[in-house]
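K.L.:
Here's the letter readout for the chains.
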Amino acid sequence: MKYIKSILPLTLAIIWTYALHNSWGTLPPLGKLISPFHGFWVNAEAPESGELTEENLQILGLEQVVTVVYDEMAVPHVFAQNDHDLYLAQGYLTAKDRLWQMEFQTHFAGGRISEIVGEKGMVSDQFQRRMGAVYGAEKSFEGMKEDPKAAVTLQAYSDGVNAYIESLTERNYPLEYKLLNYAPEKWTPIKSALFLKNMSFVLASGTDDLKMTNILRKYGKDIAENLFPNYPFVESPIIPVGTPRDFKPVPIPESPADFIGLGSAMKTPEKDPNIGSNNWAVSGNKTVSGLPMLANDPHLTLSLPSIWYQIQLVAPGVNVYGSTMPGTPNVIVGFNKNVAWGVTNVGSDVLDWYQVKFKDASKAEYWHDGHWKKTTIRIEKFKIKGKESFVDTIFFTHHGPVVYLSHEKPFKSNIPVGHALRWVAHEKSQESTTFYQLNRASNYADYAQALTFYSAPAQNFLFASNQGDIALWVNGKFPLKSYTHGKYLLDGTDPKADWQGFIPQPHNPHAKNPARGFLSSANQSSVDPSYPYYMGWQYAPSERGRRINERLEAMSKITMDSLRGLQNDHFNIRARTLLPLLLAKLKLPAGGIYGQATDELKRWNLQNAADSKGATIFENWVLLLQDAIWADEFAADENVPMNRPSMDRTLKMIQDEPEAIWWDNVKTKNKKENMAEIISGSFAASIDSLLKKHGPLGSEWAWYKHKQTGVRHLIPGMDALSRLNIPIGGGGTMVNAATTKTGPSWRMIVELSKEGRPRAHGVYPGGQSGNPGSAHYDDLIDTWAKGELRPLLYLEKPEDVSGRLRKKIVLSTKK
Amino acid sequence: MRKPLSFSYQLAIVLIMVVIGAIAGIYLPWYALGILFAFLAYILRLPTGNAFVLGLISGFLVWAISAYWINLQHPSSLPGRMANLFPLGGSVLVLYVLSGFFGGLTGGVWAWAGAKLRFK
Numbered sequence: 001m002k003y004i005k006s007i008l009p010l011t012l013a014i015i016w017t018y019a020l021h022n023s024w025g026t027l028p029p030l031g032k033l034i035s036p037f038h039g040f041w042v043n044a045e046a047p048e049s050g051e052l053t054e055e056n057l058q059i060l061g062l063e064q065v066v067t068v069v070y071d072e073m074a075v076p077h078v079f080a081q082n083d084h085d086l087y088l089a090q091g092y093l094t095a096k097d098r099l100w101q102m103e104f105q106t107h108f109a110g111g112r113i114s115e116i117v118g119e120k121g122m123v124s125d126q127f128q129r130r131m132g133a134v135y136g137a138e139k140s141f142e143g144m145k146e147d148p149k150a151a152v153t154l155q156a157y158s159d160g161v162n163a164y165i166e167s168l169t170e171r172n173y174p175l176e177y178k179l180l181n182y183a184p185e186k187w188t189p190i191k192s193a194l195f196l197k198n199m200s201f202v203l204a205s206g207t208d209d210l211k212m213t214n215i216l217r218k219y220g221k222d223i224a225e226n227l228f229p230n231y232p233f234v235e236s237p238i239i240p241v242g243t244p245r246d247f248k249p250v251p252i253p254e255s256p257a258d259f260i261g262l263g264s265a266m267k268t269p270e271k272d273p274n275i276g277s278n279n280w281a282v283s284g285n286k287t288v289s290g291l292p293m294l295a296n297d298p299h300l301t302l303s304l305p306s307i308w309y310q311i312q313l314v315a316p317g318v319n320v321y322g323s324t325m326p327g328t329p330n331v332i333v334g335f336n337k338n339v340a341w342g343v344t345n346v347g348s349d350v351l352d353w354y355q356v357k358f359k360d361a362s363k364a365e366y367w368h369d370g371h372w373k374k375t376t377i378r379i380e381k382f383k384i385k386g387k388e389s390f391v392d393t394i395f396f397t398h399h400g401p402v403v404y405l406s407h408e409k410p411f412k413s414n415i416p417v418g419h420a421l422r423w424v425a426h427e428k429s430q431e432s433t434t435f436y437q438l439n440r441a442s443n444y445a446d447y448a449q450a451l452t453f454y455s456a457p458a459q460n461f462l463f464a465s466n467q468g469d470i471a472l473w474v475n476g477k478f479p480l481k482s483y484t485h486g487k488y489l490l491d492g493t494d495p496k497a498d499w500q501g502f503i504p505q506p507h508n509p510h511a512k513n514p515a516r517g518f519l520s521s522a523n524q525s526s527v528d529p530s531y532p533y534y535m536g537w538q539y540a541p542s543e544r545g546r547r548i549n550e551r552l553e554a555m556s557k558i559t560m561d562s563l564r565g566l567q568n569d570h571f572n573i574r575a576r577t578l579l580p581l582l583l584a585k586l587k588l589p590a591g592g593i594y595g596q597a598t599d600e601l602k603r604w605n606l607q608n609a610a611d612s613k614g615a616t617i618f619e620n621w622v623l624l625l626q627d628a629i630w631a632d633e634f635a636a637d638e639n640v641p642m643n644r645p646s647m648d649r650t651l652k653m654i655q656d657e658p659e660a661i662w663w664d665n666v667k668t669k670n671k672k673e674n675m676a677e678i679i680s681g682s683f684a685a686s687i688d689s690l691l692k693k694h695g696p697l698g699s700e701w702a703w704y705k706h707k708q709t710g711v712r713h714l715i716p717g718m719d720a721l722s723r724l725n726i727p728i729g730g731g732g733t734m735v736n737a738a739t740t741k742t743g744p745s746w747r748m749i750v751e752l753s754k755e756g757r758p759r760a761h762g763v764y765p766g767g768q769s770g771n772p773g774s775a776h777y778d779d780l781i782d783t784w785a786k787g788e789l790r791p792l793l794y795l796e797k798p799e800d801v802s803g804r805l806r807k808k809i810v811l812s813t814k815k
Numbered sequence: 001m002r003k004p005l006s007f008s009y010q011l012a013i014v015l016i017m018v019v020i021g022a023i024a025g026i027y028l029p030w031y032a033l034g035i036l037f038a039f040l041a042y043i044l045r046l047p048t049g050n051a052f053v054l055g056l057i058s059g060f061l062v063w064a065i066s067a068y069w070i071n072l073q074h075p076s077s078l079p080g081r082m083a084n085l086f087p088l089g090g091s092v093l094v095l096y097v098l099s100g101f102f103g104g105l106t107g108g109v110w111a112w113a114g115a116k117l118r119f120k
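These protein sequence lines are chains R and Y, in that order. Oh and the first sequence: position 365 is 365 in the working numbering, straight run, nothing missing. Oh and the second sequence: position 12 is 12 in the working numbering, straight run, nothing missing.
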């Protein structure tokens, strides 16, 4: 008994320690985390003094000395003596600032989140792998390695990341490892391929084929084609109408027979990311400097740490500045002495679904072209934190993976079950070569050559040079299709429904030095209907593109500041057309809150400024109006997910089809609503909801307070590490496309110079450091929200003197 | 019955524990502070009650003062963010106390356990 009494406290002490040493559910390991010698306290970084400091670091694998200087934004300017050292340093320095993010994002991409968060990550992990993320990355890595120069960059980058990981001890792990209680693993070059592959998931995995087939099954082809037309009524395509064609089109494949298909019905939550981008270039005859200027602002999910990381990379044959994506070598969007380039996403249809007919439950064979053909399988193994591993079998037809079998529940509502996926992201590819060459391009020919290696996700690659050229290639691998091929689910047994090769790369839509003096893209239709190939039926709404083009048309004597103004433009071009039409039909009792709100709308200057109340009323009304028109016939919450007709089509109906059957709310049995009733009813409902949410019409109705733009930490729900309620105007259909969760993720404007001294400005909503304990974690957000840019420091050599330099690090080989 | 420990003796033990705790923090895992306190309580034959209190006070001082010191040397927004995460309403002062509390309980429980091993 005595013995037990004396051992009991020891047992308690051990239990206490064990409890605080491990994580429990979402609770972090409290003892380890809160210890001032091991936990989060260690991650605090004092702000810089403002004086230039110097440091020497030894890292494994370097061939020669590398000099790095950091400016006041904490952007590293890297001077190496060869490619290998340059990319090794890029890997090392990026990891130094962003290691956790790089690893987390590639874990996500490769379907390995459940290794960190346990079973709750499984559905997302399985989805990633079933969609072929790892399979695609392996294939594209094969392609990337074929270019020896790109192979060096990937391997050296990886060695650099590992050199940093090896320099760490547990106590100086990035904060998130401490919160989630795990350790970084060795980096491998294929992770860079996984990251690039994930950009196809982010930008080119949108698919409406299932929803369209569900509509086809419910309403028939005539209505489906009428409500979902293949070209917008109002458009300003990316390639200017009338651009001369410099190629002879190849024959278009024969159309497959009409196919209705089974569709599928699985209730899953709706997700609608509002991702798009803007870029434009103007010729020298429109600028004050007399040389071209280029602007780009890719819109992605706003996150902390930011998706972008700025760097300047200098070595023999290259001196490039721009934004990189942590996890991959090279600059993705940027400029060098002679050229600048930027990208926006292409919304063409590069993903199709084939209904599969298996022979039997073994799924060993499937029917195609009058024969039973053999499926192949791929085994995916999942390690799950706190659980036994899970082994999954994926069946492949010659099209691609059968993402979900007929009895399975899909992760997203737009993914059909029992269908094989054909997706350009599964092709062997060489994106790393494109960026390697773009970083070194000195003229149009170099740029055009670099693009020939690029597959996915397809981008509008915009270009400007100090020789006076501006150009845009809608570039990537595009399947060669018959008209509207793949708009609906396809018949997996019909060989005519298969993809029949790709549009030859030189035939991709492109334009150079157009007469109008500018080129731009904002994810709208790539081309007008005279282009000989079919690329897709649905692109981003035309508003941003139209606004940019009408402004650039009108602008002359362009400067950095006037382009900055355009990047921050929040004129509501949709309201310009739609609002007068709606107000003309609005019938409500005068006075009261409805009267006040109507007056506010009539006074509104059509600008979605941060403090605008009119913008809040208009945007909320349009949202509820679309619900009121379409939700009864095209309910998203029914078990059969369907698309809704676009705003472009809805506007056409408001203008020209007051008697359309769609105005009636079919849910009200004994009543037939007309257009005015739907418009007035949705207005009243919208005002009621605003009143409930924000109180009487006043400053609480300000657009930014309603919209709630936030830059959120990558771990969902980590508000303490996020910046919320940011005062910024704009919105999804405006040039300044800041929405609740997405927005301009990197704004850049470059003014080229004959002497090779480009003047550039840029900002992104985040900061260079991924460490929430650093002053550089979110120091650029306020500048971004105000619509300002920072001058980007472009150095020639490490000895260049600048008052903006804060830190110098000399990297040498560790013996 | 042993006679009560003198105040100066107790103070000396706290000082020793604080120094040991700080050195352990710098070189060893976070829980080493506890194990070393247990060892100390064992070899000094501390009465169990005293052991707990002295371990608690020393552990609290080591962790709370170190946390305060780090924030003084490396001022950043991180403690404020963490004080929102935990959630402590963003109060860094409460965060120092919380840090001290965990260090204190670790020190106290282990010192008590060490003392208990001697007093059969």
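Any given hint might turn out to be false.
Claimed, not checked - So the derived list for chain R, only partly shown, Cβ under 8 angstroms to chain Y, looks like this:
#1 Ser6
#2 Thr17
#3 Ile34
#4 His38
#5 Trp41
#6 Asn43
#7 Glu45
#8 Ala46
#9 Pro716
#10 Gly717
#11 Leu724
#12 Pro772
#13 Gly773
#14 Ala775
Stated by the list, open to error - Now the stretches of chain Y that chain R is said to cover, found in silico as 3 or more residues with beta-carbon under 8 angstroms:
#15 5-11
#16 39-45
#17 55-68
#18 71-82
#19 89-103
The set of hints was computed from the structure by calculation and includes no laboratory data. Where is the CB? At the ideal position from N, CA and C, for every residue including glycine.
K.L.:
If a hint holds in the structure, say so; if it does not, say that too.
P.N.:
Each hint tested on the structure:
Look at Ser6/R: its Cβ gets to within about 5 angstroms of chain Y, closer than 8 angstroms, so that hint holds up. For Thr17/R, the interface hint holds, the least distance from its beta-carbon to any beta-carbon of chain Y being 5 angstroms, beneath 8 angstroms. The interface hint given for Ile34/R holds, since its Cβ lies 5 angstroms from the closest Cβ of chain Y, which is under the 8 angstroms cut-off. Because the smallest distance between the Cβ of His38/R and any Cβ of chain Y comes to about 5 angstroms, under 8 angstroms, the interface hint for this residue holds.
Proximity of Trp41/R to chain Y holds as hinted, the smallest CB-CB distance being about 5 angstroms (cut-off 8 angstroms). The beta carbon of Asn43/R comes within 6 angstroms of a beta carbon in chain Y, closer than 8 angstroms, and the hint placing it at the interface holds. Satisfaction of the interface hint for Glu45/R is found here, the shortest Cβ-Cβ separation to chain Y being roughly 6 angstroms, below the 8 angstroms cut-off. Interface restraint check: Ala46/R against chain Y, minimum CB-CB distance 4 angstroms, threshold 8 angstroms, status holds.
Below 8 angstroms, beta-carbon pairs count as interface contacts, and Pro716/R has none with chain Y, the closest being about 14 angstroms; its hint is therefore violated. Given hint, Gly717/R at the interface with chain Y, is violated; its Cβ is 10 angstroms from that chain's nearest Cβ, farther than 8 angstroms. Using the Cβ-Cβ criterion of 8 angstroms, the hint placing Leu724/R at the interface with chain Y is not satisfied: the shortest such distance is roughly 12 angstroms. Because the closest C-beta pair between Pro772/R and chain Y is about 6 angstroms apart, less than 8 angstroms, the hint holds.
Hint on Gly773/R holds. Least Cβ distance to chain Y is approximately 4 angstroms, under the 8 angstroms limit. With its C-beta approaching chain Y no nearer than about 7 angstroms, Ala775/R sits inside the 8 angstroms limit, and its interface hint holds. By the rule of at least three residues with a Cβ nearer than 8 angstroms to a Cβ of chain R, the coverage given for the stretch 5-11 of chain Y is violated, with 0 such residues. Check result for the stretch 39-45 of chain Y against chain R: violated, 0 residues qualifying (beta carbon to beta carbon below 8 angstroms, three or more required).
Coverage of the stretch 55-68 of chain Y by chain R holds in this model, with 3 residues showing a Cβ closer than 8 angstroms to a Cβ of that chain against a need of three. As drawn, the stretch 71-82 of chain Y meets chain R at 10 residues by the rule of a beta-carbon pair under 8 angstroms; at three or more, the given contact holds. Residues of the stretch 89-103 of chain Y lying with their CB closer than 8 angstroms to a CB of chain R number 4, which satisfies the three-residue condition for coverage.
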